[in-house]
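Chemist: Going line by line, the protein sequences match chains X and Y.
Residues in the first sequence are numbered consecutively from 10, following our numbering.
Residues in the second sequence are numbered consecutively from 4, following our numbering.
Some hints could be false.
Short derived list, chain Y residues pointing at chain X, Cβ under 10 Å [said to hold, decoys possible]: (1) I83; (2) N85; (3) I109; (4) V113; (5) R158; (6) S197.
Keep in mind the hints are simulated off the structure, nothing from the lab.
On a predicted model such as this, the values are computed, not experimentally measured, just so you know.
Glycine included, every Cβ here is placed at the ideal spot set by N, Cα and C.
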Amino acid sequence: MALFGLFGGKKPSSASAAKERLQILISHERNNRSGPDFLPDLQREILQVVKKYVAVSDDQVNIRLDRHGDASVLELNVTLPER
Amino acid sequence: MAIVVTVTSGKGGVGKTTSSAAFAAGLAQAGHKTVVIDFDVGLRNLDLIMGVERRVVFDFVNVIQGEATLNQALIQDKRIENLSILAASQTKDKDALSEEGVESVIDALVEMGFEYIVCDSPAGIERGATMALHFADHAIIVTNPEVSSVRDSDRILGILQSKSKRAKEGGRVVEHLLITRYDPVRVENGEMLSHADVCDILAVDLMGVIPESKAVLKASNTGVPVILDHESDAGVAYADAVAGFG
Ligand SMILES: Nc1ncnc2c1ncn2[C@@H]1O[C@H](COP(=O)(O)OP(=O)(O)OP(=O)(O)O)[C@@H](O)[C@H]1O
Ligand SMILES: [Mg+2]
């Protein structure tokens, strides 16, 4: 701990970890809330389909619905494992 | 015009009842005719925090079910002239709070000239909590600087913005963030979320920060709302928050 002090840098605090985690989680939850009720189910089913072909974990598939004026855009992000 | 102020949080044990008692007492002391209602049916506690537990004869559910009049159930505070308390039932369950029933009680309180109707919400997002939210004009979101409390507060904000009467009528409940059990030393050390962080995350206007304080337990031990302890840090912080609100 003294080391951090010595170099003038600050130890990454647990509070900043909390803030970061909350920001990600809450933006995700707000997005789900504002979207249609079927969004969580859709996400689960897409995840199952992707998993049939590639080994991905739950947090590597991200689905969100964004509104652009009159239209809604369904965005699907899959992080594929390196091979 | 009467204003319904709901004190809510989602998560349990964060300080809703402590804050409801403080706000109701503070608003009444400022000269407003105020009533504070315990919505925690089955687990009443506001009566204890207000020090009126031995004076409860009839409760909120008795009034809703027509077993008592509102005048019989309202308990007049002995310290503060403008303050009344409506206790929750110990025996009935939360389903006893029908929307029509709650509305009729609130309407009758407005009729009686109450300026502030403070609703102490139970934890959770079930009937008691949603009924306390439903008629809110203002909501005080009580949040501890801690991950699960902040997350639950955001869920409550979602409910306020979609299911409250005001939201359904195309309006909006006025939201205020009250951060409680705050420890500035731990914040300074990076061990606790700062009030600015919590405000940022939830995007709600901050109405006050109440420190973690020994005075709160002392106040509840004796049945005196902590805001009446003018010497205490928490009492002063509540007084500041009420002054900014009222
Ligand atoms: N600022 C504070 N400092 C220290 N202790 C506090 C503070 N605020 C509340 N407490 C304590 O935390 C506990 C819970 O408080 P309180 O009953 O007000 O919470 P609540 O949100 O109403 O709980 P519930 O969800 O069960 O209704 C009590 O023991 C109370 O004394
Ligand atoms: Mg309570």
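Chemist: Work down the list of hints and note, for each, if the structure agrees.
Modeler: Checked hints:
| no. | hint | verdict |
| --- | --- | --- |
| 1 | I83 | violated (38 Å) |
| 2 | N85 | violated (39 Å) |
| 3 | I109 | violated (27 Å) |
| 4 | V113 | violated (32 Å) |
| 5 | R158 | holds (7 Å) |
| 6 | S197 | holds (7 Å) |
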